[in-house]
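Undergrad: So you can see what is in the structure, the chains are spelled out below.
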Amino acid sequence: MNQVLNDIRHNPLLWLLLFVPVVFVCQQLQPAAHTLLFALSILAIVPLAALLSQATESVAAKTGDAVGGLLNATLGNLTELVIALAALRAGQYMLVKASVAGAIVTNTLFMLGASFLLGGLKHHVQEFNPVSARVQAVQLFLATIALLVPSAVSGADAARTAAFTQTLSLCLAFLLIATYGLGLLFSLKTHRELFRGAEHTEAEELVWPIGVALATLAGVTVLVALVSEVFVESVQEAALALGMTQAFVGFIVVALVGAAAEMAAAFSGARKNRLDLSVGIALGSAAQIALFVAPVLVLASYAIGPAPMTLQFWPGAVVMMLIATLTASLISSTGRAAWFSGVLVLGVYLIFAITLYLLPPRVQ
Amino acid sequence: MNQVLNDIRHNPLLWLLLFVPVVFVCQQLQPAAHTLLFALSILAIVPLAALLSQATESVAAKTGDAVGGLLNATLGNLTELVIALAALRAGQYMLVKASVAGAIVTNTLFMLGASFLLGGLKHHVQEFNPVSARVQAVQLFLATIALLVPSAVSGADAARTAAFTQTLSLCLAFLLIATYGLGLLFSLKTHRELFRGAEHTEAEELVWPIGVALATLAGVTVLVALVSEVFVESVQEAALALGMTQAFVGFIVVALVGAAAEMAAAFSGARKNRLDLSVGIALGSAAQIALFVAPVLVLASYAIGPAPMTLQFWPGAVVMMLIATLTASLISSTGRAAWFSGVLVLGVYLIFAITLYLLPPRVQ
Amino acid sequence: MNQVLNDIRHNPLLWLLLFVPVVFVCQQLQPAAHTLLFALSILAIVPLAALLSQATESVAAKTGDAVGGLLNATLGNLTELVIALAALRAGQYMLVKASVAGAIVTNTLFMLGASFLLGGLKHHVQEFNPVSARVQAVQLFLATIALLVPSAVSGADAARTAAFTQTLSLCLAFLLIATYGLGLLFSLKTHRELFRGAEHTEAEELVWPIGVALATLAGVTVLVALVSEVFVESVQEAALALGMTQAFVGFIVVALVGAAAEMAAAFSGARKNRLDLSVGIALGSAAQIALFVAPVLVLASYAIGPAPMTLQFWPGAVVMMLIATLTASLISSTGRAAWFSGVLVLGVYLIFAITLYLLPPRVQ
Chain A
1 MNQVLNDIRH
11 NPLLWLLLFV
21 PVVFVCQQLQ
31 PAAHTLLFAL
41 SILAIVPLAA
51 LLSQATESVA
61 AKTGDAVGGL
71 LNATLGNLTE
81 LVIALAALRA
91 GQYMLVKASV
101 AGAIVTNTLF
111 MLGASFLLGG
121 LKHHVQEFNP
131 VSARVQAVQL
141 FLATIALLVP
151 SAVSGADAAR
161 TAAFTQTLSL
171 CLAFLLIATY
181 GLGLLFSLKT
191 HRELFRGAEH
201 TEAEELVWPI
211 GVALATLAGV
221 TVLVALVSEV
231 FVESVQEAAL
241 ALGMTQAFVG
251 FIVVALVGAA
261 AEMAAAFSGA
271 RKNRLDLSVG
281 IALGSAAQIA
291 LFVAPVLVLA
301 SYAIGPAPMT
311 LQFWPGAVVM
321 MLIATLTASL
331 ISSTGRAAWF
341 SGVLVLGVYL
351 IFAITLYLLP
361 PRVQ
Chain B
1 MNQVLNDIRH
11 NPLLWLLLFV
21 PVVFVCQQLQ
31 PAAHTLLFAL
41 SILAIVPLAA
51 LLSQATESVA
61 AKTGDAVGGL
71 LNATLGNLTE
81 LVIALAALRA
91 GQYMLVKASV
101 AGAIVTNTLF
111 MLGASFLLGG
121 LKHHVQEFNP
131 VSARVQAVQL
141 FLATIALLVP
151 SAVSGADAAR
161 TAAFTQTLSL
171 CLAFLLIATY
181 GLGLLFSLKT
191 HRELFRGAEH
201 TEAEELVWPI
211 GVALATLAGV
221 TVLVALVSEV
231 FVESVQEAAL
241 ALGMTQAFVG
251 FIVVALVGAA
261 AEMAAAFSGA
271 RKNRLDLSVG
281 IALGSAAQIA
291 LFVAPVLVLA
301 SYAIGPAPMT
311 LQFWPGAVVM
321 MLIATLTASL
331 ISSTGRAAWF
341 SGVLVLGVYL
351 IFAITLYLLP
361 PRVQ
Chain C
1 MNQVLNDIRH
11 NPLLWLLLFV
21 PVVFVCQQLQ
31 PAAHTLLFAL
41 SILAIVPLAA
51 LLSQATESVA
61 AKTGDAVGGL
71 LNATLGNLTE
81 LVIALAALRA
91 GQYMLVKASV
101 AGAIVTNTLF
111 MLGASFLLGG
121 LKHHVQEFNP
131 VSARVQAVQL
141 FLATIALLVP
151 SAVSGADAAR
161 TAAFTQTLSL
171 CLAFLLIATY
181 GLGLLFSLKT
191 HRELFRGAEH
201 TEAEELVWPI
211 GVALATLAGV
221 TVLVALVSEV
231 FVESVQEAAL
241 ALGMTQAFVG
251 FIVVALVGAA
261 AEMAAAFSGA
271 RKNRLDLSVG
281 IALGSAAQIA
291 LFVAPVLVLA
301 SYAIGPAPMT
311 LQFWPGAVVM
321 MLIATLTASL
331 ISSTGRAAWF
341 SGVLVLGVYL
351 IFAITLYLLP
361 PRVQ
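Taken in sequence, the protein lines are chains A, B and C. Position 142, counted from 1, in the first sequence is what the working numbering calls 142; the numbers after and before it change by one each time, with no gaps. Position 78, counted from 1, in the second sequence is what the working numbering calls 78; the numbers after and before it change by one each time, with no gaps. Position 144, counted from 1, in the third sequence is what the working numbering calls 144; the numbers after and before it change by one each time, with no gaps.
For reference, chain A alone in the conformation it holds in the complex:
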């Protein structure tokens, strides 16, 4: 436990943990101050996500390579999953879908682009393992297609195709989870030597004792879930008050908040000229959301949601996911990067962010 407190003392990001109790107090005293609650819950989720990520890695480091890799890969996007589950339970399917699509686009474009830029400002040309980058880019491409098809096919005649879209989404969810499982088998077991670069570096961080790590994992997950509920309740009113469209909030704000901890790791890797780590986190995390978080949410909607959720996205979101995937494939196929690669990838992200920010509310 001392270790955890010590980590907190030396990591300015974790000082934000102060906002966790503040959120709950504020919710009791001012339940209608949506914009305030919205801002506070964002500030509270960021350090919790960082703690969650550190705890997951500590558990993973203790349980050996294969199981550890599995845990790390599966719990890596726990924050996004918990936020999305809170929105799911509240029946805010638009927000759930926007945050899934936004997480894919943010991880692929913003995290990758900013890593290239930050790394490239320090190092002239950086190299990374193109094999693992390509496997993840193709996985992401497959998942994007699975998310594209229900939207493309059932666009025209919503009423008649509702049952079809629902069955299709269920089948595709199982297909995606199966592919995700086989991908773990591939990268952690049968062909792990191809992914060497990214794995080895992750083990070097400070590791907590297993009991502390497990307790932190459980406790922090509960806290994230509670804060997420405040966040989901306040987001719609806050967006209105701040003049942001709901698409912008889900796509950009929620996605950046949910991925804050991973971003810190990816950027620090890029500065240390370990671009393998950054590319692995960015594309791996995006692939995981598409192949694992999205289908799990579809399945979870049958258990905890007011109605089954489908994989049918707003067409603009599908186009953005597809373009993000293509950009990542194009840019990562060489295994080399410089600062301008980062500018180009961030440019694509900015185009999307500007468009969503300006989008008139009704047209979404």
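A couple of the hints might just be wrong.
Because identical chains cannot be distinguished in the list, a pair is counted as satisfied if it fits within a single copy or across any two copies.
Stated by the list, open to error - Within a straight-line C-alpha distance of at most 30 angstroms, the following computed DSSO-like cross-link-like pairs (lysine-lysine) qualify:
1. K189 / K122
2. K272 / K189
3. K62 / K122
Quick caveat, the hints were computed from the structure, so don't treat them as lab data.
Fit chains B and C to the supplied structure of chain A, relying on the hints for placement.
TA: Just chains B and C now, kept in the frame of chain A:
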């Protein structure tokens, strides 16, 4: 002739030839048993396609490299062409187009993916010549664009653009055939050394005497034509009885049946670690259907069809062809494959197959 | 000045300068002979563009590498810019947009494809620097996305989204120009060694004294502007008389005319086995139009146009730009080319040209 009989005796696939007379007898006795005739004609076409492919290769082996390669390339999809001509004569343009699009998607995704998977389960990492793979992927991309443009442009206002679509399809058909011819010149004559890998292995199979081969070629083509007619007549009623949509039958069933013989060759190549052969058959066959079979069908519709056929496809089919081409380009650009590459490509195929299977009939 | 006259004497292309006075005389005598004026102004613009390009290079050669490269890159598409400004002032926004989209497609497909074909007919296999090709392909991809988003988002409900499209176009214009500036910083300053291949060869042409070059630059720009005005005034009537759609004229004719001088340089480079030069001109010029000319025109429309111009294109134009970019990325990723690569790229261009030629006027 003994050689042919000997081949038949040792190849369990060819025992299915028994179904050829059964189809004709059954058609006389039970002309209304559509589902039965549908199943029997599929079982009869598979071994005929295998014989056709063997006869073509035997003729090709006798006539020297350049002419042989030409023959092999041009008659390689004879089965698909004959089935499609039968559907064309019956005026079933939906089926013709679905089978063309389905053959491209099936060859690109299913044949390539299953080759990667079957080869990868036996060999850790397999290598293939990325140059010839890329030439074929780009050819396929060009052809897909030619098939995409008429559908994209004339979508909005069908009545007014009918004449335009027809003229455009005719021009594009000539352009595709010219590109196909120049592609043969390139791969068989001016730059044949780039395609060495795939060529050399095909010559090793058993070769029939030229007279036997030519006679088999002629006789079996007639048989395929006759069985195809039964198949085309029964397919619509059978699909209805089996609860399959017409899109699924054309796209998946017909395509798998027509390519059965090539698949056997591609899979056996992959198991023997000759992935060059498998990739060459899969992408070459898809490129050939797009660049040669599709435009020939457009031209043939002026001679034998009830009305001119255009290159305008159902938008979903265009999207699927485009995604299949992009997937093949992404996955084959490295010249290396492992079992998980196969899983990813097959995953895309499964997404399409599931969607077509579930698609409500009216929405097609 | 003798140098300029000498160049003119030895370059048959420049004999066409004779048509410059002919255009002005003819416009005075026969202001209604639109088809004649259209043809004459095309014949007059081609040699002016060649002079402009030679003058720019001479100035660039004198001012040292960095400033020279900047000048060369920024004034390289001066002809296209001047023609488009003339159309902008006349309020012909359809023509402006068609010529921008057409210049991107023509440079990417026709110039690149014809370079591959002409070079490949003389040399068996040609190599070029894939790094600079890829940087330019990705820049082009980014710019195409910026042009795609306003069209994709505001398609549905034109009236309500007009203000949104206008603001979005303005923001994207600034983003594109900023990216263009950073790209120059990258290729001329921080990472110039990656672009060595293309730079070194351009310096070898004959260089004019700086005074002559500057005077030519100024004088010829004025002449191009005057001739462009005649061209823009006559193009619509001429297209009608010649039975060509306006889309075809803007996309194909104007684009080919504007790029004539660069094409001469690119083709001559390809024949001399300096494919680096050809690929650099083709993709660099396309990227420049997308990242610099297009946004400058948007900004200029606020100053000299009758109304603000947006970046919203006809959907078909967006699809064509996207396909052109993808084709260039696919074909240039290897750094090798043969004559058939040229055939494939030209094939895609022909598909577009045929479609635009046949397109019924109302459906545009």
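Undergrad: Hint by hint, where does the structure go against what was stated? Just the numbers, ascending.
TA: Of the numbered hints given earlier, the structure breaks just one, which is hint 3.
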